[in-house]
Every structure is written in structure tokens, then in C-alpha cells.
Amino acid sequence: MVYIIVKNTDNKVHTLEATKGSTIMEIIRDAGLDIEAACGGCCACATCHVYVDSEWIDKIKSIDDDEESMLDQAFGVEKSSRLSCQIEFEDSLDGLKLIIAKN
Amino acid sequence: MNQKTDVIIIGAGPVGLFAVFELGLLSLKCHLIDNLDKIGGQCAELYPEKPIYDIPARHSITGQELTDELMKQAKPFDPTFHLNQQAEKIEKISDGWKLTTSSNQIIQAKCIVIAAGAGSFVPRKPPIENIDQYENKSVLYAIRNKSLLTGKKIIIAGGGDSALDWTNDLAATSEVTLIHRRKEFRAAPDSVAKMLELEKQGKIKFEIGQIHSLTDENGILSGVNIKNDSEIKLLKTDFLLPFFGLKMELGPVANWGLNLYENLIEVDTEKFETSIPSIFAIGDINFYPGKLKLILSGFHEAALMAQKCFNYCHPEKKNVFKYTTSSKDLHKKLGV
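Top line first, the protein sequences correspond to chains G and C. Going by my numbering, the first residue of the first sequence is number 47, and it counts up by one from there. Going by my numbering, the first residue of the second sequence is number 24, and it counts up by one from there.
Bound-form chain C, shown alone (with noise of 0.2 angstroms):
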């Protein structure tokens, strides 16, 4: 069944959770899309303990708290997440849009806003000639279904908590070697330990290495080269599993037909409109003259973004300015 909404916010980093907040106080009701398993987008998924020292009126906040003051302030207007999906395609319908994500969510909504940053987290893939013909068969970015694995040669390669953790959890069911480019790990230091202890008794093998090339039998992945200084060794495996983090790209939205400015959606800087009436774009992702990519310069996208899906929303009335310092009306929105 088709859902319906006002707004849908492609993106649930800070400049989207704020844009639920401003369309909230214009009583607009919004969805939100992000390809995270969590809300926060940069904020929360690069630099969650790292102080940001511009936001006005806090003197120094980290990605994590200023993530949760933001779905403080937009809790009152109980906005709808769709997490761990991306916004796939668009269509045009009569009264506004059809959004399909890919997890084969619809939700309808008057107006867009893309607020997705430098765009949305995937896999970093190793830059390996030929990797891509493997991929989501012998390549796994990510385990979704794990019987596939039991009683396979696995080879994870990674230092850090994803890597460490399915070492950990396969090691009872597969055959599994970490290599890792040296002795230290990123991971959590229980995590560490543990996958130490496992290596102790057997379970597991351990090789200090970086992925080099991958071999091949008729087609199907048969072995990767590993490299240790200069010295190159051939492991057999059935199965790669690459943990090096995550990277930012626009993904399906570069095919929308929006115009664009190197990866970037151009708007105006009245309305923060795209090239495509009703869709708009706020915050990193989007380009004017004078564009600066801060967080502050996104929350005020977003106020005025708010403004102009209003008249979309409600053709026929007029939106009359209020201050949340004075409006009844408000502080009723509000719950204060």
C-alpha cells in the first residue's frame, strides 16, 4: 500500500532532521529516507565523538549530540524513517510525486527535498581490476544471508569493527582467515581480544597482508593474492568479504534529470528549488554562487525551503510568518 505524506527528505543527516522541524511548524508532515542503518547521516556515521565548534550558540558540540538535540526538537512533529534504503526513482503524478526506495517502499508526497550531503553511504570497494564480476557472488560487501557462508573458505579482509565482529561470529561455521595490513587493529579491544583467542586455538587464521589481485577458475573466484611488503601470497578461498569502511556517492538521484554542477544540484536561493518544480535540495548536497558547505548555512536552506512547500501543500492559503517566541498556535505544535 501506498503511503502519504506531505514532505519526503531524502537524507536524516542534520540538515534534514531540521528540515522536519521548520515543515513542522508550517504543520507540513514529512517522511525521511537514508541508506544508514542509524539517523545522523556524516554526523553520526564519520564523526559522532568529534566536537564541531559552528553551530550558533554552542560552543563546541559532537556529531552524536548535536544528532539528538536535532530529533529533540523535531520529535513533536513525529516524522516517519525509512532507514537502510535509498531513494530509488521518481515518477510525476497529479498531485505531486511517487517515490520508490530500494527497498520497494512507495510513499507519495506533494514536495521532495533531497538533503543527502555528499550523498548516500555505500561500501568502499577495493580498487582491484575485475572485482565487479564477483561482486554479490563470491564478493560480499554485506552478509545478508549467512547459511551461504557455512562450511566455505572465507578470507575478511579489514581492521576495523565490522571486519573483527564477522571474523568473530563465522568463525564456529566457516573457514576463515583475516588479513589486515598490520599487527593493530581499529576494532574494539574486546573484539580484538577475542578474535586473538580464536586465532590461539586454531579457529581462525590470521595474515598480515592487503589484497592484491583475485584468481579465478572458469569465472568463479578461486584464491586472492595477499602482499606483505613486497612479498605476494596466493590464499584459496570460495568467498571475500572487503570491510574498508564506507563512501559517499549520489547514486540514483544523479539520474532524475536535475540539473547538475559537478555532483552537485543546482538551486535557486529564495526557495532552494531545484531545476524540477516541487523538488528542492538543501544542505551539502546542493549549489549556488557563494555556496558554503556548513551545517548552519544548511539549517537556513531548510527554513526557507520549508516556506515555499507550504504554498505547494496548500495552494489555496496563505502562510501567515509566525514567531515561536510569541505564537500560541505554535507552542500548541510544539507541546509546550
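The shape of chain G in the complex, shown without the other chains (with noise of 0.2 angstroms):
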């Protein structure tokens, strides 16, 4: 089984198992953790903004210009936040470290 490692926003870590093709965001949300991901997922607002640990940051898909530019309305937007819907997983994430960001 493969597995992400998400820090929600009461500082609780949760180990959740994942599945190849969902994306990082519908796995957050389906173990029903504090993300909003209000559009459902597709690139319209800035409600499943995460940090991704530095050590993975390099590993995945890099950012496109409709998520860089949906980051805006993200509130303490940093160098490794990402929108967690844009990210689909694949087995060589097994093991990702992310932190959800406070809306």
C-alpha cells in the first residue's frame, strides 16, 4: 500500500492511504480532513492550498500558470505551496509530506 503524510491544520499528522490517480486533494478530503477544495477541483478558487515538504517539492509535476495564477487569492502563499488538486498521485509519491495551509 502507498501512503501521504498530511499535517492538517490543527497540527495533527494523519497518514492516509492513497490511490494512483486520485488527486492529492480528493485524498485529503475523502479521510475528511480540513481542506475546503470549494470548486471540486478544478483550478477555479484556492481552497486546498497545501505546503509540500521541501524534500518533495522538486518531485512533483511543477506548477503550470492557471495554478500559479489561482495561488493569488492563497493567503501566506509560500515557495512550496502548491494547490493540492492540481497534483495528481502516482506511486513515486508514495511517502509525500504535505501541511494544509490555514484559509
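Derived from the structure by calculation, the hints contain no laboratory data. In this text the structure is predicted, and so the values were computed from the model without any measurement. One or more of the hints may lead you astray.
To be verified - Derived BS3-like pairs (lysine-lysine); straight-line CA-CA distance at most 25 angstroms:
hint: 1; chain 1: C; residue 1: Lys228; chain 2: C; residue 2: Lys206
hint: 2; chain 1: C; residue 1: Lys316; chain 2: G; residue 2: Lys66
hint: 3; chain 1: G; residue 1: Lys58; chain 2: G; residue 2: Lys125
hint: 4; chain 1: G; residue 1: Lys58; chain 2: C; residue 2: Lys148
hint: 5; chain 1: C; residue 1: Lys256; chain 2: G; residue 2: Lys53
hint: 6; chain 1: C; residue 1: Lys250; chain 2: G; residue 2: Lys125
hint: 7; chain 1: C; residue 1: Lys73; chain 2: C; residue 2: Lys176
hint: 8; chain 1: C; residue 1: Lys73; chain 2: G; residue 2: Lys107
hint: 9; chain 1: C; residue 1: Lys206; chain 2: C; residue 2: Lys226
hint: 10; chain 1: C; residue 1: Lys148; chain 2: C; residue 2: Lys160
hint: 11; chain 1: C; residue 1: Lys206; chain 2: G; residue 2: Lys107
As the list claims (entries may be wrong) - Ranges between beta-carbon positions, derived for each pair:
hint: 12; chain 1: G; residue 1: Ser100; chain 2: C; residue 2: Gly242; range: 34 to 44 angstroms
hint: 13; chain 1: C; residue 1: Glu230; chain 2: G; residue 2: Asp104; range: 26 to 36 angstroms
hint: 14; chain 1: C; residue 1: Pro74; chain 2: G; residue 2: Lys148; range: 28 to 38 angstroms
Positions of the beta carbon are idealized from the N, C-alpha and C atoms, including for glycine.
Using the hints, put the two standalone chains together into the complex.
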């Protein structure tokens, strides 16, 4: 089995079973953690904002203009900021660590 | 003066608009309330240009096209819209409900249909400690009275159309500093060009950074610390105007005493009625076992809800089910 490790907004760390083909947002949402994902995953809001652990940031598909532009509506944007609906899980991301940003 | 109708629909998104059609076929008149300034809900606000692929019989349709088509379909029934306001409170009266909106409009109806999607759109607020104590005084999410800002120092935060439009608009009358996290902007290229020109002429200031914290003098906002990489810089200001788009929240509906399931409204699957008789919930806002948040599910729910509304509005009449293909009566209502 493959997993991602997610720190929730209350700072509790959860290990979530991941499925290839799901987005990181879907995995977090379906586990019931504090992610709003208002637009449902079409990169039309910034409410699935996460910080990717520095060890992992170069291992995921790089950010495109659409996502970068949508991050303008997020708060506390850092170099490690991503919208989790735009990251599709694949087996190479087994163990991916991230933190859900506060909205 | 109180306005009277058969059904009040809360939410003018796709499901609310289709409810106008289904209720209209049964000769029931509707008033719709929406907190946005336009019709279409999430489809028009969040993804007007994005194609939707799971609307029956439409291979592909954008959020805006769907809204326009639903409006065309609802047009023969002449619905009344109350935009830019929230449904605030309801009161049971002898023959139905009395609803008051946030703009103090009072509407009476036999039934209420909540078709509010993920809730009503409200401004997104920066997650900064104590910001609420300045809200609507020196932290403004919308500008209702421009003269309040004349001659003042203001900081506008954000990179979208609202941030840029207000920067350009207020440049002549206020001391404006725009802050944004990067050099690129989401806003329309024309507004960005205008802002850069104003900056060149020294009529506004632009700083790269994000809101970090607020400073205070005797309980009054005095400045904003902005953060760029690891550097923090204090900008003095009288007002802060954050423009980070909108978010959705259930709002006043949460206090109406309806049975809720995790911020969703519980309904039955026969008529999509809530725990309070003659109040219905359809579309993304409702919950029942097996619920799927799809626009097409909301359409189905609207059709079944309408049958029960008919009973509430005309308890003495029998509702004879008719098809739009064959019924002359329905053709007359549709004007075809």
C-alpha cells in the first residue's frame, strides 16, 4: 500500500492511504481533513492550498501558469505552496509529506 | 410593503433556475434570492469559462452557457430576482412563511426552497489574528462609501480584478499602496497596464509582499506588516482593503432549526423536503443516503420538489401529471 503524510490545520499528522489517479486534494478531502476545495478540483479557487515538504517539492510535476495565478487568492503563499487538486498521485509519491494551509 | 409569491428559492444557481421551470410548469410563481450580484451561482462566479461534460444531452457546455440556457428556459415564468442579498430570517405565518433578506426586503410565500449550493458567497478573509476587530471600520472587503477613503492612506492587497480596479479608481483621491505576492497579476491586462502607468507617474505605490500582521494604535489600525520572502516591512496605513476572492458558507440558514448533517441539509428522497414541512433543499446543499453532488441530481430533485410544492400551494386541487411534448396547457404556459 502507498501513503501520503498530511499535517492537518490543527497540527495533527495523518497517514492517508493513497490511490494512483486520485488527486492529493481528493485523498485529503475523502479522509475528512480540513480542506475546503470549494470548486471541486478544477483550479478555480485556492481553497485546497498546501505546503509541500522541501524534500518533495522537486519530485512533483512543476506548477503551471493557471495554478500559479490561482494561488494569488491564497494566503501565506510560500515557495512550497501548491494547490493539491493539481497534483495527481502516482506511486513515486509514496510517502509524500505536506501541510494543509490555513484559509 | 410585503411581496407575495408561491415559492421563494434561495440561490440562483443552475438548480434554483431549473426549479423555476419545474414550478412554472405547475403555474407556481417564484422569487429568487442570491448573495452574488449576478445569476448563475458557482457556474457563473467560479468557472464561467470551464466546460462541463456531464449535463445530459450536452457534449460540452461552459458554466456561463449553462446559466444562459437555464435563464432562457425559465423566462416564460418570469421569476423575480433579489440579488446582492442573503436570506436572513424566516418566520412561520398562517399561510406559509415570511422571509426577510439582508437588505430588509420581506417576501411571503407558501414554500421555501433552499438551492444554495455550497452556501452563499462571502469575501475571503485573511487568516490573521485580530483582523475581525477592524472589519467594516478600517478593514473593508467591499467599498460602499468611497468618500470615507478620500485623502486617506490605503493598502489594497491582491492581484485580481477587484484589487486592480480599486487601485486604479482610488489613485486620484487616496494615497494608495498595492501589495501583491508577485510581479504578475491575474487581473485583466488593461487594468494591469493602467496600474503600472500610475506607478510610473508616482500616483500609487506597488510593493511585493503578503499581509503578515496588523499594527494598532489605541485600538485603531495603524499599519500592515508585509512579508516578502523572509523580510518583514511595516507600511503605515489608515485602511486595509483585502481582495482575495470569495468563499462559500452556509450563513444564516444554519440557524433556522433545520436538521443538518455536516453543514448539509437533511432531506427525504421522495420530495426533498427538510425536517421542517414546506421547506425544501435541493442541489449540492442537501444530504440523503447515496447523494451525489451533480447538477443533474439537482435537476431531478427540483422536479420532485415541485410536485409537493403544488400540494402546499393548492391543497384543494389535484395535480394531473402532463408532458411538455403533448400538453396544450403546458405549451400555452411555455408560449410555444
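Hints and how they fare:
no.: 1; hint: C:Lys228 to C:Lys206; in the structure: holds, 13 angstroms
no.: 2; hint: C:Lys316 to G:Lys66; in the structure: holds, 23 angstroms
no.: 3; hint: G:Lys58 to G:Lys125; in the structure: holds, 23 angstroms
no.: 4; hint: G:Lys58 to C:Lys148; in the structure: holds, 24 angstroms
no.: 5; hint: C:Lys256 to G:Lys53; in the structure: violated, 29 angstroms
no.: 6; hint: C:Lys250 to G:Lys125; in the structure: holds, 13 angstroms
no.: 7; hint: C:Lys73 to C:Lys176; in the structure: violated, 39 angstroms
no.: 8; hint: C:Lys73 to G:Lys107; in the structure: holds, 22 angstroms
no.: 9; hint: C:Lys206 to C:Lys226; in the structure: holds, 18 angstroms
no.: 10; hint: C:Lys148 to C:Lys160; in the structure: holds, 14 angstroms
no.: 11; hint: C:Lys206 to G:Lys107; in the structure: holds, 23 angstroms
no.: 12; hint: G:Ser100 to C:Gly242: 34 to 44 angstroms; in the structure: holds, 40 angstroms
no.: 13; hint: C:Glu230 to G:Asp104: 26 to 36 angstroms; in the structure: holds, 30 angstroms
no.: 14; hint: C:Pro74 to G:Lys148: 28 to 38 angstroms; in the structure: holds, 32 angstroms
Checked against the numbered hints given earlier, the structure breaks hints 5, 7 and satisfies all the rest.
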